[in-house]
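Engineer: Start from the sequences and build out the full structure, keeping to the hints where you can.
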Amino acid sequence: MKHKRVSYSKWGYIFILPFFVSFFIFSFIPLADTIRYSFYEYYRSGIKEVGPNFVGMENYSSLLASDMLKYAANTFILWIIGFIPQIVIALVLAAWFVDARLKIRGQQFFKVVIYLPNLIMASAFAMLFFTLFSTNGPINGILTSIGITKEPIDFMGSVFGTRSLVGLMNFLMWFGNTTIMLMAAIMGISPDIFEASEIDGCNSIQRFFKITLPLIRPILAYTLVNSIIGGLQMFDVPQILTNGQGSPDRTSMTLIMFLNSHLKSKNYGMAGALSVYLFIVSGILCFFVYRMTNNDDPDGSKAAARKAKRAKRRG
Amino acid sequence: MKKKYISMALMTALAVGTLAGCGSTSSDGNNASSKQQADSGSNTEEGKVINVYSWNDEFMKRVCAVYPEVKKTSKDGTVTTLKDGTEIHWIINPNQDGVYQQKLDEALLNQADAAADDKVDIFLTETDYVNKYTDADADVAMPLKDLGIDPDADLADQYDFTKVTASDVNGVQRGSTWQCCPGLLVYRRDIAKEVFGTDDPVKVGEKVKDWDTLKQTAEELKAKGYFTFSSYADTFRLYGNSISEPWVKPGETVIKVDQKIMDWISTSKEWLDAAYFDKTVKGQWNDDWNKAMGSKSKVFAFLFPAWGIDFTLKPNWDGGDGVWAVTNPPQEYNWGGSYVHACTGTDNPTLVKDIILSVTGNKDNLLKISKNYLDYTNTKSGMAEAAKDSKTYASKFLGGQNSFEYFAPVAEKIVIAPLSAYDQGCVELIQNAFSDYFQGNVDFDKAKANFETAIIERYPEITEIQWP
Chain P
1 MKHKRVSYSK WGYIFILPFF VSFFIFSFIP LADTIRYSFY EYYRSGIKEV GPNFVGMENY
61 SSLLASDMLK YAANTFILWI IGFIPQIVIA LVLAAWFVDA RLKIRGQQFF KVVIYLPNLI
121 MASAFAMLFF TLFSTNGPIN GILTSIGITK EPIDFMGSVF GTRSLVGLMN FLMWFGNTTI
181 MLMAAIMGIS PDIFEASEID GCNSIQRFFK ITLPLIRPIL AYTLVNSIIG GLQMFDVPQI
241 LTNGQGSPDR TSMTLIMFLN SHLKSKNYGM AGALSVYLFI VSGILCFFVY RMTNNDDPDG
301 SKAAARKAKR AKRRG
Chain Y
1001 MKKKYISMAL MTALAVGTLA GCGSTSSDGN NASSKQQADS GSNTEEGKVI NVYSWNDEFM
1061 KRVCAVYPEV KKTSKDGTVT TLKDGTEIHW IINPNQDGVY QQKLDEALLN QADAAADDKV
1121 DIFLTETDYV NKYTDADADV AMPLKDLGID PDADLADQYD FTKVTASDVN GVQRGSTWQC
1181 CPGLLVYRRD IAKEVFGTDD PVKVGEKVKD WDTLKQTAEE LKAKGYFTFS SYADTFRLYG
1241 NSISEPWVKP GETVIKVDQK IMDWISTSKE WLDAAYFDKT VKGQWNDDWN KAMGSKSKVF
1301 AFLFPAWGID FTLKPNWDGG DGVWAVTNPP QEYNWGGSYV HACTGTDNPT LVKDIILSVT
1361 GNKDNLLKIS KNYLDYTNTK SGMAEAAKDS KTYASKFLGG QNSFEYFAPV AEKIVIAPLS
1421 AYDQGCVELI QNAFSDYFQG NVDFDKAKAN FETAIIERYP EITEIQWP
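Quick note, the sequences are listed as chains P and Y, same order.
Be aware that the first sequence starts at 1, since it is given in the working numbering, and climbs by one per residue.
Be aware that the second sequence starts at 1001, since it is given in the working numbering, and climbs by one per residue.
Derived from the structure by calculation, the hints contain no laboratory data.
Hints are supplied without guarantee of correctness; some may be wrong.
Straight-line Cα separation of at most 25 Å, DMTMM-like style, residue types lysine to aspartate or glutamate; simulated pairs [claimed, not checked]:
1. Y:Lys1391 to Y:Asp1157
2. P:Lys266 to Y:Glu1464
3. P:Lys48 to Y:Asp1347
4. P:Lys266 to Y:Glu1428
5. Y:Lys1396 to Y:Asp1263
6. P:Lys48 to Y:Asp1135
Okay, the calculated bits of chain Y under chain P, using three or more residues with CB under 8 Å as the criterion [as the list claims (entries may be wrong)]:
7. 1388–1400
8. 1433–1444
Please read all numbers here as calculations on a predicted model, not as lab measurements.
We put the beta carbon where it would ideally sit given N, CA and C, even for glycine.
Structural biologist: This is the structure:
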């Protein structure tokens, strides 16, 4: 009887130990180091190391004085250009794919196809677009030969062209992923509600805006915040497309590209400070995701009930 | 139950695989070390492995071609065995994006702690960043004198400017090169015939002899629908390598932009607006630039040193031989050059000295390199002979023209620009920043500001940028 209550919990800890050990060594220590070095002057000049010398908040203030906020704005613009078409197309596709009455054939095939661009490495994708849209590239060749333009268009030479290309690539790479996520969300809605609405004479547009959208709002918000965090880290596509310069006139320079140009001189101090800024912003965003995914009141009914109660008490 | 057996079988297979892997490598290691022990009896106490850091196989090919001690090179080109059993290990990392320098810097920082056979023995640098490594304080490249080479006697036949380039601030030579890179103007004979009525190098040379004449010629070419050069980056080296003061003076943290660079900026803008350049080509080393060297291109000429003709122009040209020819450039210039350095802490000083002398200081070997690889090699007397010997040194690609005849006078007149450790970043970033200005995306002052931003990002210690 004594040995009846064997504790298995230690096995649980042993099994999760490898993760925590590797997390500690490969993520936590570098993270702590990054924060520590952000208070130091520490870089390499030629092959001579300078520092580390403690400089307090100097790195942080000089970053604020630099063009960091401009690059943050660039990052935001590049992200939003890709995100708006992405969420619109994904919503429409998801609604169509799950709609039982449309009975789209070859659904599985399309799902795979729209997801495919996500499997290509972002840098390879950017490389491909760079070649396709170069001034002497095939797109210009086609445009001139069918007579749309006489002179080749300098896509990567204009702010609008470069930003659109980056947006287009991000859209192509991510809309499949979002579609699949939203489909899962829509399928989670009880069919009873759709049926009931139909009986009440609801048309498909009303159904989409009045039922589907409100009910997938938490997932939609999750997608949004996740995409912002992803967008904050945008790097490979604009880096490869503009050869690391964010040309023209640094208008497609993102925050991580800015970080990368500090790492060319092994400037751990500055790069660390920039990383800490990014860490804080991502941290705030993550907090919102956490709040949303752990929402115990997704449709707002509890809040409404509370409000009603309060109104009643007052009344 | 079945699942359990399968997983157990898999686990066993995995474990066996891992153990087997360990076993074979360790036995391999034993073999190697025992072989080394056996070999070491026959030689002095110097190391058995020479590690060479480089960014391509250029140096390897030249060593294999002329160094008499070479026995054989492995098929993948990573190991060359010498007659006494010493192995040369070629450690090659691409130059793109600074990968080579990153790897080399890591190795140099670990040099003191590395095991004897892992130490860097020889490394190569390019003119753009040679100064970073010949720095007297950093002391990573051994002074040639310490190695037992007397530059004044052993390397007397080398061009002086190559010696200056490889020296530190105190004038101590810390490297040596087999090549010398005077540049020429390489032009298309068919275009010359159509526009000027002649493709004779001497007559074409007259038309491009200086910048003012070249501008008039450019107008002629434009009238017939041709571009003089492909892009503004093509002419950069002519201006950038003739600056009178270094970008950054030793011991200072101020970048001084030379008047020559400003001249390049104003001329480039003027020429691009006048359509003497092909405006679809932006800079060098990209696809558009490569296409400009093809037979469909409207570009009349390129400015290239010997390696550019052999290594860049030839592979991009899709027509037959004999269409291109060389003539004098509008201004003497030097572009590139690979320097060989003995690394401080090497465990093979005797062989390293031997290799450096053999590949960079032996006239017969250098002439052999010139013959086989068309390099303009670092021997004054040898190149004078080559210039006269059109039979041996005629180039098939240039339609039987002896390019050395044109290289030699340029090489004599080269005055190398004073170097600094910041050259690579300055050269790269000023071209990037003003690219936007040339294309009309930003105004002149914005381009200046962009250069300042970029250069301080690259070199945080820079405190000020002065414009003329």
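Engineer: State for each hint whether it applies.
Structural biologist: Taking the hints in turn, this is what the structure says about them:
no.	hint	verdict
1	Y:Lys1391 to Y:Asp1157	holds (23 Å)
2	P:Lys266 to Y:Glu1464	holds (20 Å)
3	P:Lys48 to Y:Asp1347	holds (23 Å)
4	P:Lys266 to Y:Glu1428	holds (18 Å)
5	Y:Lys1396 to Y:Asp1263	violated (37 Å)
6	P:Lys48 to Y:Asp1135	holds (10 Å)
7	1388–1400	violated (count 0)
8	1433–1444	holds (count 5)
The structure fails hints 5 and 7 (numbered hints given earlier, in ascending order).
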